[in-house]
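Chemist: These protein sequence lines are chains A and B, in that order.
Residue numbering for the first sequence follows our numbering, starting at 8 and increasing by one per position.
Residue numbering for the second sequence follows our numbering, starting at 31 and increasing by one per position.
Derived from the structure by calculation, the hints contain no laboratory data.
Note that the Cβ used here is the ideal one computed from N, Cα and C, for glycine as well.
Hints may contain errors.
Covered stretches of chain A (in silico footprint by chain B; criterion: 3 or more residues with CB under 8 Å from a CB of chain B, positions within the stretch not fixed) [claimed, not checked]:
# : region
1 : 83-89
2 : 126-132
3 : 178-189
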Amino acid sequence: MNLLAILISAMIVNNIVLMQFLGLCSFFGVSTKMKSVIGMGLAVIVVIFLSAVITYPLYYLVLVKLNITYIDTIAFILVIAALVQLTELVIKRFSQSLYKALGVYLPLIATNCAVLGVALTNIATPQTYAEALTFALGSGLGYAFIIITFTAIRMRLDSANVPKAMKGLPIAFVTASIMALAFMGLAGII
Amino acid sequence: MTEVKKVPVKKAPVVETEPTLWEIFTKGILKENGIFVMVLGLCPSLAVTSTFEGAFGMGILVILVLTMTNASVSLIRKVVPDTVRIPVYVIIIATEVTIMKMLVDAFAPALAQELGVFIALITVNCVVFGRAESFASKNTVLKSTLDGIGVGIGFGLSLILIGFFREFLGTGTIVLGKTLPLGFEATLFSGLGLSPYAFRVLVQPPGAFLVIGLILAVITVIRQKKGAKKA
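Input sequences plus hints: build the corresponding full structure.
Modeler: In structure tokens:
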């Protein structure tokens, strides 16, 4: 598989949120304000990519060599937690306004299953380092793309005439369902 | 996310009135249901519920993991300094999930195949982490264990409900014994002849969102009815 195909597959066809069901807590939790969503999307792209940069060599050079691959989940979660802390420090240093907007959600990226999910998927399927990194980048981009689109729709739903029982989360789920349906139609492009 | 933010506010009066052990056990099943009330732990609830059995297996795993993590977090709650408690919880949870994953690999390989990466992802299930942080770190071992079992059962039952609707309406039948090591195989409801009329899309990703959205809407209606009666 060439890298472009992997990128498009990870970003759109097998979208991490709508098709793989990863990172849903933040997907429904944060998607109410456009500004925080863009920040969240960027932070997730960075964290997913960096965690793939570290976890792939960590797995093959350390865990496989020492024959302790069974602790992969524990090792990865530690790497991710450290990375999130680092990202938090960097954002705090360079953009106070972004830090204020993301405040609560940044630590949540550590328990965002998208990050751990991508790291674990990367080692579950045999592939080269370049392929793994492309997959991680595509997943991050796909996450950001979907959560931003979804937020745009949800903001319009706020002022729409939604049945009383469907207000809030129920209609959000149905919206996500229709989005997933649309994305299923793209399955043939690669 | 409004639901999630409300939780600590709601809990304050509960702690003041010293709930009985039975109340601690039952509140996790309905009143503080992980999926439908707090809307936490969504990843597994959508990903593994395409079949009834997958949902059932995941439910059992979450009950076991939650009970273990709640008990162990509660055991060490006085030893661990406040500043490093979150990394410690993460390691405890990850270790216990790894143990659980090994057991599933050994005793139910078909289930391990079906759930795939989502067994390891119990580690980052917000429900597990949320209970450790908001309940087990403040309560005795007995209470925490009961809370873990209760919340786990509530979570498992929600998964089973979603899984049942998705497989039954999506394929017209419920297959048993294929992924769980039950020792027998059976296909329920095959005599009804519903298969040609099944909504296949419910088994696929969009169906997961749709079913949860509709169940949430039904719950909202029930709540509004209840609220109207009280007022």
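Chemist: Kindly indicate which numbered hints from before are broken by the structure, ordering the numbers from low to high.
Modeler: none
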